[in-house]
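Number of protein chains: 2
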Amino acid sequence: MHFADRLTDRIASTSPVCVGLDPQLGKFPAEISKDAEGMLAFCKGIIDAVKDTASCVKLQLAFYELLGWEGMKTFWEVCDYAKSKGLVVIADGKRNDIGSTCEAYADAYLSAGKPVDALTVTPFLGSDGITPFIDRCAKNEKGIFILVKTSNPSSGELQDLPIGDETLSEHLAQMVDGWGREHIGKTSELSFVGAVVGAPYPEDLKYLRTLMPQAPLLIPGYGAQGGTAADVLHGFLPGRKAAVVNASRSIIHASSGPDWREAAAGAVKTMANELA
Amino acid sequence: MHFADRLTDRIASTSPVCVGLDPQLGKFPAEISKDAEGMLAFCKGIIDAVKDTASCVKLQLAFYELLGWEGMKTFWEVCDYAKSKGLVVIADGKRNDIGSTCEAYADAYLSAGKPVDALTVTPFLGSDGITPFIDRCAKNEKGIFILVKTSNPSSGELQDLPIGDETLSEHLAQMVDGWGREHIGKTSELSFVGAVVGAPYPEDLKYLRTLMPQAPLLIPGYGAQGGTAADVLHGFLPGRKAAVVNASRSIIHASSGPDWREAAAGAVKTMANELA
Chain E
-10 MHFADRLTDR
0 IASTSPVCVG
10 LDPQLGKFPA
20 EISKDAEGML
30 AFCKGIIDAV
40 KDTASCVKLQ
50 LAFYELLGWE
60 GMKTFWEVCD
70 YAKSKGLVVI
80 ADGKRNDIGS
90 TCEAYADAYL
100 SAGKPVDALT
110 VTPFLGSDGI
120 TPFIDRCAKN
130 EKGIFILVKT
140 SNPSSGELQD
150 LPIGDETLSE
160 HLAQMVDGWG
170 REHIGKTSEL
180 SFVGAVVGAP
190 YPEDLKYLRT
200 LMPQAPLLIP
210 GYGAQGGTAA
220 DVLHGFLPGR
230 KAAVVNASRS
240 IIHASSGPDW
250 REAAAGAVKT
260 MANELA
Chain G
-10 MHFADRLTDR
0 IASTSPVCVG
10 LDPQLGKFPA
20 EISKDAEGML
30 AFCKGIIDAV
40 KDTASCVKLQ
50 LAFYELLGWE
60 GMKTFWEVCD
70 YAKSKGLVVI
80 ADGKRNDIGS
90 TCEAYADAYL
100 SAGKPVDALT
110 VTPFLGSDGI
120 TPFIDRCAKN
130 EKGIFILVKT
140 SNPSSGELQD
150 LPIGDETLSE
160 HLAQMVDGWG
170 REHIGKTSEL
180 SFVGAVVGAP
190 YPEDLKYLRT
200 LMPQAPLLIP
210 GYGAQGGTAA
220 DVLHGFLPGR
230 KAAVVNASRS
240 IIHASSGPDW
250 REAAAGAVKT
260 MANELA
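Protein chains in written order, with this note's numbering: chain E, -10 to 265; chain G, -10 to 265.
Isolated chain E (complex conformation) (with noise of 0.2 Å):
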């Protein structure tokens, strides 16, 4: 089934919600051991907790390969766990290049039969480090998240500049309609490549989200990072559509004393609340 078919399906039957499963060693209850194995552990039982709730996981690759090959190991085997699950699995590597190592990041990240649906992407290098990623989405049914807009506070150094009458994010989004447009899935509408935009520059969500109509997207930045339920609003398409929203420390370290599945099943849960 094409990605945005799937993504809609289970954001229909679940929430809106993704978990970012950015697991900080210093921060696991105590029960948990830091390394490698504490960390499958640990997100073994955030995926407990959530999996009826959340739509999507999304894992930051930066925190497993921290841990060398043996974080590596546990990434795959967290991506494993998470599609058994049911959730609709998201690799946050911003990855980008071009030519065949850009086909080696694709083929990494999106064969046909890895446990991983969506790679988040980053533009810097223009179409020649998109359209490799978009021959494997097309041939393997999994999705990209191109970064247009992201939500540190230092995004707009680069991202808001002006060009022309537009600033770079918009001019992105343009470019983002344009590769996804061929790409639609037949019962959502929707394209395989989606897009970034974060929580927390509402206005810019609001704008971008015209300019991007059939793009599924990533909103970053809720919760920890000020985002706020009214804010992520604006990136949805009529019937809560076509949107995730991540959190991720609020969720999964929202307790590290013995009850940290419970808290973290009581933080999607009140996130999933806010977004209905």
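What the hints contain is simulated information worked out from the structure, not anything from laboratory work.
A couple of the hints might just be wrong.
Which copy? The list can't say, so a pair holds if one copy fits it or any two copies do.
Straight-line alpha carbon distances no greater than 30 Å define the calculated BS3-like cross-link-like pairs of lysine-lysine that follow [said to hold, decoys possible]:
1. Lys128 to Lys23
2. Lys16 to Lys128
3. Lys195 to Lys16
4. Lys195 to Lys62
5. Lys23 to Lys62
6. Lys195 to Lys23
7. Lys33 to Lys175
8. Lys33 to Lys195
9. Lys16 to Lys62
10. Lys16 to Lys175
11. Lys103 to Lys62
12. Lys23 to Lys103
13. Lys62 to Lys128
14. Lys103 to Lys258
15. Lys258 to Lys72
16. Lys230 to Lys258
17. Lys23 to Lys230
18. Lys128 to Lys72
Got chain E sorted already, so can you dock chain G onto it with the hints?
This is chain G only, laid out in the frame that chain E set:
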């Protein structure tokens, strides 16, 4: 020793050649197995062949990630081996993220004792995505190369966009100069904040060098991608200083016959002579 001092000494005692360890299984010699173990054997063979001529090796992370955690194990083993042979080791990951995630990438690759000297970084997220790397470089005597103008045909789609009367790349070059200014080595008078500027755009290289007079440059796109010795000349400071020129396929896959080591050794010497 400060990264730029170390790099400068190494270039002076060898050459400005950086060998791209972007191993493609399909191009391996018949005697090498097409898996992570074979990749390690292949890279070790190439390192032995080039270690007395090249200053640096640059590992494209994508090709190691493509083989899953076993590939990442190989990545670290190759870095260890290259380091033990005196080469400067560059991890070409084009990583980019913010906050604690950016710190995780920085710690993953630029921690004290890790066999990586420098990492490539994509600047799309602004200074939030750069300063955590700079912090680690300052603490652990490492370096970064920030993408400013890449070597691919579509690099201009974003990087040549006009910001007032300059291009995005020119704007970025000034940011790189600013980020690096306080981090200058004693003997080299260069910063540990370097930049990536592609060989196929010699006029850009010439002008961008003037905007970043203290940045070590990593120049890809030599050989297979079309850049010549005359093209890359503009990237150096007087005395053939402050730049390394990367070639990959033309060296590591110079032959897939039984003479692959000798062919690589020959290709790297030819390139060093061209640049001399």
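Outcome of the hint check:
no.: 1; hint: Lys128 to Lys23; verdict: between (39 Å within a copy, 24 Å between copies)
no.: 2; hint: Lys16 to Lys128; verdict: between (39 Å within a copy, 24 Å between copies)
no.: 3; hint: Lys195 to Lys16; verdict: neither (35 Å within a copy, 48 Å between copies)
no.: 4; hint: Lys195 to Lys62; verdict: neither (39 Å within a copy, 44 Å between copies)
no.: 5; hint: Lys23 to Lys62; verdict: both (15 Å within a copy, 20 Å between copies)
no.: 6; hint: Lys195 to Lys23; verdict: neither (41 Å within a copy, 49 Å between copies)
no.: 7; hint: Lys33 to Lys175; verdict: neither (33 Å within a copy, 49 Å between copies)
no.: 8; hint: Lys33 to Lys195; verdict: neither (35 Å within a copy, 52 Å between copies)
no.: 9; hint: Lys16 to Lys62; verdict: both (21 Å within a copy, 26 Å between copies)
no.: 10; hint: Lys16 to Lys175; verdict: neither (43 Å within a copy, 40 Å between copies)
no.: 11; hint: Lys103 to Lys62; verdict: both (13 Å within a copy, 19 Å between copies)
no.: 12; hint: Lys23 to Lys103; verdict: both (27 Å within a copy, 20 Å between copies)
no.: 13; hint: Lys62 to Lys128; verdict: both (26 Å within a copy, 29 Å between copies)
no.: 14; hint: Lys103 to Lys258; verdict: within (29 Å within a copy, 41 Å between copies)
no.: 15; hint: Lys258 to Lys72; verdict: within (20 Å within a copy, 49 Å between copies)
no.: 16; hint: Lys230 to Lys258; verdict: within (18 Å within a copy, 58 Å between copies)
no.: 17; hint: Lys23 to Lys230; verdict: neither (38 Å within a copy, 44 Å between copies)
no.: 18; hint: Lys128 to Lys72; verdict: within (19 Å within a copy, 40 Å between copies)
Hint violations for this structure: numbers 3, 4, 6, 7, 8, 10, 17, all remaining hints satisfied.
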